[in-house]
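Q: Sequence:
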Amino acid sequence: MIYPKAQQKVYGVPPQHKKVIKAAVINFILLQLLFLGLFCYLFGSLFQQTTHMHNLNVAFIDYDNNGTIGAAVRSAYSTLKGPTFPTLTEHSPAQYPQPVDIVSSVCSIQYWGGLYITANASNRVSAALVSGTEYNTTDIMFFAWNEARYPTVVDSLEEEMQILAEAARVVYSTPQRILTVNHTDQISVQSFVKPWVLSAINIQPTTQGSRLIYNTLVIILILIQEFFYLGYINGLHQQFQLYLSLPVQRVTMIRVLLSVTYTLVGSLCTTGAIWAFRHGWQVNGAQFVLTWMVLWLFAHLNFLVLNIFTIWILPPFVPMALISWIILNVTSILLPFELSPAFYKWGYALPAHSVFQVLVDIWSGGCNPQLDYALPVLFVYELVGLALSVLGVYRRTHYAVLAREAEMRRFSQSQNQPETGAETGTETELSRSETGMALSEIPTVERTASRRNEPCFELLV
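Under my numbering, the first residue of the sequence shown carries the number 1, and numbering increases by one thereafter.
Just so you know, the hints here were simulated from the structure itself, not pulled from any lab data. None of the hints are false.
The calculated DMTMM-like cross-link candidates involving lysine to aspartate or glutamate, where the alpha carbons are at most 25 Å apart (straight line), are:
no. : residue 1 : residue 2
1   : Lys-81    : Glu-338
2   : Lys-81    : Glu-166
3   : Lys-194   : Glu-158
4   : Lys-194   : Glu-134
Predicted model, so just to flag it, every value in this text is computed and none were measured.
Produce the entire structure from the sequences given, and follow the hints as far as they go.
A: Structure, rendered in structure tokens:
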């Protein structure tokens, strides 16, 4: 028979049915409420995303001196304008004398994109309609954007600009303009059918498939990676009683060195995986090193944050804190804050949002200048986390020593109790044999861990 002792009742153990059921019910309710709240928080950040598209601003400059093409664009925009369409903000050519100035404004994230009409564009198209003069249809209208900055979002922005360019073509092709077309000339007819093609100036093309998970699964896996190793390190410290056998300074140094080395190697592997599957992404070795360093900082500060959770949060609630930390961080970078309700802007204070902004700045060659706030946020987490983690070593050592002293007092008292008779001694030995080992033989760390968990169970009960 497999596991024959499983059917035998262990006598002398009082039933704890009510306490177990009560604890299970409380935990059941807490977890349901937690995940309900996390789902609502996550879905709330995506709620009515399309109605916030007007928060994406696009600069518009007409270098054609208010020609017919610019008028067609303005008319088309007045038709498309609404909550679900990006906002087109027109500026005079004096503010942006050269097209490169528009690209610079997009690079400096003053605008999500820049649309402009080249000089003498209307005259070139009109000449082609009347006399069949050749011209370059791709040199009429341009749109500048940075695909590295939330690729899925700016892809949809570029599509909206294509819709605007097509709507402007429809407005431009009026019945009166048909009369000016030289129907015997192929170039003239073609110019009427397709007078221009919207040309894209993409600061950093980001078309690889893995771009979809840079702001989701990559961040999640980094956090989980740190949590797993942290749990293992904490277990080793308890198993080998390092808090009792080594000076506090040495324990602190060991933990810091392990965390720094582990996150250094882990961030290198993460960066290497990103680079290995970057197919077609134009990034260089310097950007690889910078990405590695930033991910190292992010991984280590999260190691420290999760370590703080394990120090000051009761063990039953540590997994709840972990999943909450993951969801809060990932939600802060799922979408740009322009497309989420204003409440979610508090995510500026989360490290995941800061590290993603730094990464975009690295990958696009400096075209996401938010380092002035992103790097300070990351270093604040690092420094505060390091200070609290060092304090946590003292706290753990303090309670480990107290537990050891209390245990030794109980053991000393049990040894000093007089024997009442042979029967008592026999019962004592029998009791010890049934429980498996004498009190002096039980590892200190196991008894300490057991007592540390007792308040947690009582709290749930």
